[in-house]
Amino acid sequence: MASRKWASPFIIWIIAGTVIPILSIFYYGFTTRDGGFTFDNVTAVFTHDHMQALGLSLGLAFASTIVCLIIAFPMAMILRDSKFGKEGFMIFVFILPMWMNFLLRTMAWQVLLERAGVINSILAIFGLPPQQLMNTPGAIILGMVYDFLPFMILPIYNTVCKIDSNLIEAAYDLGASKMTVYARVIIPLTVPGIVSGITMVFIPALTTFVISNMLGGGKINLIGNIIEQEFTVNSNWYLGSGLSLVMMIFIIASMLILNKFDKTGGQALI
Amino acid sequence: MAELIRLDNISKSYGDNEVLDELTLTVEENQFVTLLGPSGCGKTTTLRIIGGFEKPDQGRVYFDGKDITDLPPNMRPLNTVFQNYALFPHMTVGENIAFGLKVSGKSDQYIKDKVKYALKLVNLKGFENRKITQLSGGQQQRIAMARAIVNEPKVLLLDEPLGALDLKLRQEMQYELVRLKKELGITFIYVTHDQEEALTMSDKVVVMNDGYIQQEGTPEQIYNEPENAFVADFIGDSNIIPGRMVEDRLVEIKGVKFPCIDGTENGFRPGQRVDVVIRPEDIEIRPYGEGLFNGTITSKLFIGVHYEMLVKQEGGKFEWLLQNYDEHQVGSEIGMYVRPENIQIMHKPQSDDEKRMNLEI
Numbered sequence: 458m459a460s461r462k463w464a465s466p467f468i469i470w471i472i473a474g475t476v477i478p479i480l481s482i483f484y485y486g487f488t489t490r491d492g493g494f495t496f497d498n499v500t501a502v503f504t505h506d507h508m509q510a511l512g513l514s515l516g517l518a519f520a521s522t523i524v525c526l527i528i529a530f531p532m533a534m535i536l537r538d539s540k541f542g543k544e545g546f547m548i549f550v551f552i553l554p555m556w557m558n559f560l561l562r563t564m565a566w567q568v569l570l571e572r573a574g575v576i577n578s579i580l581a582i583f584g585l586p587p588q589q590l591m592n593t594p595g596a597i598i599l600g601m602v603y604d605f606l607p608f609m610i611l612p613i614y615n616t617v618c619k620i621d622s623n624l625i626e627a628a629y630d631l632g633a634s635k636m637t638v639y640a641r642v643i644i645p646l647t648v649p650g651i652v653s654g655i656t657m658v659f660i661p662a663l664t665t666f667v668i669s670n671m672l673g674g675g676k677i678n679l680i681g682n683i684i685e686q687e688f689t690v691n692s693n694w695y696l697g698s699g700l701s702l703v704m705m706i707f708i709i710a711s712m713l714i715l716n717k718f719d720k721t722g723g724q725a726l727i
Numbered sequence: 012m013a014e015l016i017r018l019d020n021i022s023k024s025y026g027d028n029e030v031l032d033e034l035t036l037t038v039e040e041n042q043f044v045t046l047l048g049p050s051g052c053g054k055t056t057t058l059r060i061i062g063g064f065e066k067p068d069q070g071r072v073y074f075d076g077k078d079i080t081d082l083p084p085n086m087r088p089l090n091t092v093f094q095n096y097a098l099f100p101h102m103t104v105g106e107n108i109a110f111g112l113k114v115s116g117k118s119d120q121y122i123k124d125k126v127k128y129a130l131k132l133v134n135l136k137g138f139e140n141r142k143i144t145q146l147s148g149g150q151q152q153r154i155a156m157a158r159a160i161v162n163e164p165k166v167l168l169l170d171e172p173l174g175a176l177d178l179k180l181r182q183e184m185q186y187e188l189v190r191l192k193k194e195l196g197i198t199f200i201y202v203t204h205d206q207e208e209a210l211t212m213s214d215k216v217v218v219m220n221d222g223y224i225q226q227e228g229t230p231e232q233i234y235n236e237p238e239n240a241f242v243a244d245f246i247g248d249s250n251i252i253p254g255r256m257v258e259d260r261l262v263e264i265k266g267v268k269f270p271c272i273d274g275t276e277n278g279f280r281p282g283q284r285v286d287v288v289i290r291p292e293d294i295e296i297r298p299y300g301e302g303l304f305n306g307t308i309t310s311k312l313f314i315g316v317h318y319e320m321l322v323k324q325e326g327g328k329f330e331w332l333l334q335n336y337d338e339h340q341v342g343s344e345i346g347m348y349v350r351p352e353n354i355q356i357m358h359k360p361q362s363d364d365e366k367r368m369n370l371e372i
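Each protein sequence line maps, in turn, to chains Y and G.
All letters in the first sequence, in the order written, are residues 458 to 727 by our numbering.
All letters in the second sequence, in the order written, are residues 12 to 372 by our numbering.
Derived from the structure by calculation, the hints contain no laboratory data.
Careful: at least some of the hints might be erroneous.
Unchecked claim - Cβ-to-Cβ under 7 Å is the rule here; a few derived chain Y residues that face chain G:
1) Leu624
2) Thr637
3) Pro645
For every residue, glycine included, the Cβ atom is placed at its ideal position computed from N, Cα and C.
Start from the sequences and build out the full structure, keeping to the hints where you can.
Now the structure itself:
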């Protein structure tokens with residue numbers, strides 16, 4: 458078969474890019490420095506600091522996913538209903554920040570939120586006291602929402618665009634109010650997009666360490682920061698891998714839960 | 012019969028494109044009314060204005076004497092069967108049919124009984140738990156009907172509901188629709204571009220073109236007495252020929268004088284130029300020299316029940332379209348005769364507006 462021959466570069470890619478790294482993480486995760494087998498690297502997650510970081514990560518990732526969803530769904534509906542080809546431009550505007558470097562975009566928020574930054578300067582003009590904006594959980598959520606919002610809007614926009622207008626008209630025709638039309642027709646039909654949007658925002662938000670580093674000022678430690686420090690500062694690949702495996706469990710679990718909501722569209726994700 | 016719906020002086024444009032121009036239409040209770048016309052004639056827009064999906068730029072919509080122009084579709088006592096059925100893909104057949112009843116807060120038992128009844132009515136007993144994707148086109152069509160009629164609307168709006176079905180199924184569904192209408196005793200407003208559908212099912216046909224109503228009447232009136240060349244051309248095959256009144260009850264077409272039944276009493280003065288419609292099945296074949304005029308058969312097609320022939324008029328270039336049950340050979344010379352009552356004489360368009368009505372010819 459011709460297709461098999463062409464598949465070989467991809468198989469090499471998958472082996473080199475996915476299988477080998479995962480196997481090595483498994484290896485390091487269950488090994489001591491002396492090369493012996495251990496569960497300690499994995500169970501290390503139960504220590505107080507790690508649990509706190511994990512809890513905070515889950516909380517912030519959850520919060521920013523919800524905020525993204527709240528912004529993205531109405532946005533997608535507005536884009537869907539806008540006429541005269543405006544939607545192409547609107548989508549372009551939303552995608553535009555993605556053309557800029559991720560670090561640069563996050564750094565821009567630093568400038569805005571700093572104690573002597575843009576926002577506090579504006580507050581000072583009105584005689585208001587400076588606010589502590591940087592290094593708060595709020596700043597991190599803001600950064601996550603800003604960075605990941607397009608990943609929520611695009612899949613939701615894609616699904617709402619595919620909803621046949623006749624279905625919405627049919628629901629009104631059968632006597633449904635606007636609320637009912639949303640609750641029983643539009644939202645159920647948007648589930649595939651919502652599920653992939655949640656996946657694409659929640660997972661990177663859960664594992665990020667860059668946003669928390671830059672907007673948390675090193676004072677707020679997420680699980681991503683701890684893993685990063687184990688690899689870089691402490692050079693403890695064993696503990697870092699063990700904690701990564703725990704994260705993997707959380708990611709797989711969240712995908713399984715999401716798949717329950719969407720039996721058709723979500724299958725491709727796992 | 013009492014008047015149920017009245018469209019009063021409705022105009023509607025999309026940008027520069029005027030779709031409806033001061034349209035006035037009355038629908039009586041328990042009528043099967045068909046809006047018939049080519050695509051872009053404004054028939055679907057008219058239906059959408061009745062359904063509440065479009066707002067007219069001008070004019071009012073009355074239902075049972077009440078002005079419903081500003082009422083949203085969910086507040087109107089009518090239901091629509093959409094062209095592509097618009098069944099909810101995330102619901103089962105039963106849930107689809109129950110949608111309207113659930114929204115209006117009916118009891119579970121009532122809904123269950125009604126869904127069962129509706130499925131029985133459309134000959135799909137026991138389909139409650141099927142998925143929409145498991146249904147054929149014809150079945151989806153029936154479910155769309157069931158979902159609409161289960162709410163007991165006073166009027167059912169149907170937007171080319173049979174358009175996507177194959178010929179045989181379409182003919183079957185035509186009978187079904189007429190039967191359903193009889194059983195339910197409600198008003199149907201039906202939109203189609205298919206003249207056969209319009210003629211077979213309707214009590215009243217409204218022929219539309221270019222945002223105007225060209226003619227309203229029973230299927231027989233529309234077919235036998237078209238008021239202008241557009242209607243004659245759109246409904247069935249016709250010979251539409253310009254002619255001239257010679258005297259009362261005598262019209263000259265292509266150099267041949269035909270006795271007819273129209274004359275001064277219905278406004279045709281001698282010498283006046285007119286349009287004449289002669290249906291191909293109304294031209295009788297006689298032996299050569301025994302009809303009103305003669306011709307040579309130039310082509311012959313067998314189309315099921317009858318033969319369709321083109322006959323070139325003797326001493327002229329005009330080719331007449333004929334239909335006959337008997338076979339005649341190409342090349343044979345025949346005589347032709349038309350009964351006076353089968354000659355339909357129409358006024359030529361006078362004003363600009365009337366000209367516009369006839370633009371398509």
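field: Violated hints, by number in ascending order, as checked against the structure
entry: none
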